[in-house]
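These protein sequences, in sequence, are chains E and V.
In case it helps, this note's numbering puts the first sequence at residues 2 to 199.
In case it helps, this note's numbering puts the second sequence at residues 2 to 199.
The hints are simulated quantities; they were obtained by calculation from the structure and are not laboratory data.
Careful: at least some of the hints might be erroneous.
When chains are identical, the list treats them as one kind, so a pair holds in a single copy or across two.
[Stated by the list, open to error] Derived EDC-like pairs: lysine to aspartate or glutamate, alpha-carbon spacing no greater than 16 Å straight-line:
#1 K24 to D35
#2 K151 to E22
#3 K36 to E118
#4 K36 to E123
#5 K151 to D125
#6 K24 to E14
#7 K168 to D83
#8 K181 to D35
#9 K43 to E123
#10 K43 to D125
#11 K24 to D166
#12 K36 to D125
#13 K143 to E90
#14 K151 to E113
#15 K143 to D35
Source: prediction; values computed, not measured.
There are 2 protein chains.
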Amino acid sequence: MTVTAEQVRRLREQTGAGMMECKKALVESSGDLDKAVDALRKAGAAKAEKRGDRTASEGLVDAYIHPGSRVGVLIEVNCETDFVARTPEFADLVRNLAMQVAAAGADYVRREEVPAERVARERDIFAAQLQTQGKPAAILDKIVSGKLDKFYAEVCLLEQPYVRDDKQTVGDLVTAAASKTGENIVVRRFIRFRLGQE
Amino acid sequence: MTVTAEQVRRLREQTGAGMMECKKALVESSGDLDKAVDALRKAGAAKAEKRGDRTASEGLVDAYIHPGSRVGVLIEVNCETDFVARTPEFADLVRNLAMQVAAAGADYVRREEVPAERVARERDIFAAQLQTQGKPAAILDKIVSGKLDKFYAEVCLLEQPYVRDDKQTVGDLVTAAASKTGENIVVRRFIRFRLGQE
């Protein structure tokens with residue numbers, strides 16, 4: 002079992018333990034970082050669980066609380082440099098995205114994040130609806146995929162019509178901001194709380 | 002299979018379908034609400050998935066963004082009446098709780114929410130640390146449970162020392178507010194985003 006310098010570096014970063022201790026722990030855990038952290042803690046070499054608090058990218062964390070304080074949104078949007086993150090344009094974009102989530106809701110950022118079971122369930126329901134209506138089988142698939150697109154446009158933030166200008170999608174808004182700043186802009190995550198709701 | 006009026010009411014609320022349709026769907030699904038919703042959607046009786054958007058309790062949703070916009074917190078705190086939710090004292094409490102989470106972090110509201118596996122992992126580590134130190138077995142349990150209390154005081158919001166007055170815990174702060182307002186106050190949930198962190 003050889004241990005890479007990168008693995009050792011990460012373990013040191015997480016535990017604050019010495020280089021040789023980290024190397025030994027990694028060899029014994031066959032390179033499993035979590036197990037090595039536990040082993041070092043057991044040996045007293047790492048005092049407490051340290052979080053991976055290092056920042057991987059630039060951007061902003063912002064929030065929007067709808068008047069009345071019954072709906073609130075927390076959002077993280079990433080860009081490539083702190084310089085762009087500090088521009089009023091980027092701050093405006095992030096604020097508009099937070100307001101979009103507050104107004105329209107969304108369960109996911111993009112369609113790749115929708116769990117396969119949920120898609121299967123929707124597909125099943127659409128197919129059954131169409132059979133009830135006696136549509137010809139030849140065009141069923143096409144209609145189902147059209148209905149799925151509509152479903153994605155409801156639950157995925159980037160595919161939603163932008164509430165302040167429904168001629169574009171939220172994804173278009175992000176793309177426009179990216180091309181204006183010349184940086185890749187990624188909506189990383191968001192969450193929406195509604196008072197009393199799961 | 003008898004279906005209760007309450008089940009029918011909930012299904013109608015979720016689907017907007019007629020009473021007899023809901024009753025029939027519930028009988029056929031043997032009282033399974035989700036299956037009944039799907040069946041109604043398949044039959045075209047319910048047009049789309051409606052969320053359980055009804056508010057179960059009063060309170061506030063609030064957010065706190067730490068200066069620099071790299072750390073943000075979204076929080077929901079419940080009380081019993083809208084009257085209390087609208088008082089400046091309640092708003093202050095919620096804001097202070099959000100700032101506490103931003104400053105100190107926390108993974109859970111209360112110790113009952115810590116997953117059993119995580120507690121077992123901590124216990125295992127503490128026990129191994131003590132064996133290394135050669136402590137007598139008779140007092141091991143007591144020391145481990147003291148160390149666990151310390152662990153809870155780090156990861157559970159209500160057990161943390163309050164950052165603005167560490168002579169009391171966050172739980173004490175909530176209890177004091179509850180007794181002042183005469184209402185039960187419950188920190189329902191919170192989430193903390195840190196830029197670039199999982």
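Against the structure, the hints:
| no. | hint | in the structure |
| --- | --- | --- |
| 1 | K24 to D35 | within (14 Å within a copy, 52 Å between copies) |
| 2 | K151 to E22 | neither (55 Å within a copy, 26 Å between copies) |
| 3 | K36 to E118 | between (32 Å within a copy, 14 Å between copies) |
| 4 | K36 to E123 | between (40 Å within a copy, 13 Å between copies) |
| 5 | K151 to D125 | within (15 Å within a copy, 50 Å between copies) |
| 6 | K24 to E14 | within (13 Å within a copy, 60 Å between copies) |
| 7 | K168 to D83 | neither (31 Å within a copy, 38 Å between copies) |
| 8 | K181 to D35 | neither (42 Å within a copy, 45 Å between copies) |
| 9 | K43 to E123 | between (48 Å within a copy, 10 Å between copies) |
| 10 | K43 to D125 | between (51 Å within a copy, 8 Å between copies) |
| 11 | K24 to D166 | neither (56 Å within a copy, 42 Å between copies) |
| 12 | K36 to D125 | between (42 Å within a copy, 12 Å between copies) |
| 13 | K143 to E90 | neither (40 Å within a copy, 57 Å between copies) |
| 14 | K151 to E113 | within (15 Å within a copy, 41 Å between copies) |
| 15 | K143 to D35 | neither (47 Å within a copy, 27 Å between copies) |
In this structure, the earlier hints numbered 2, 7, 8, 11, 13, 15 are contradicted, and the remaining ones agree with it.
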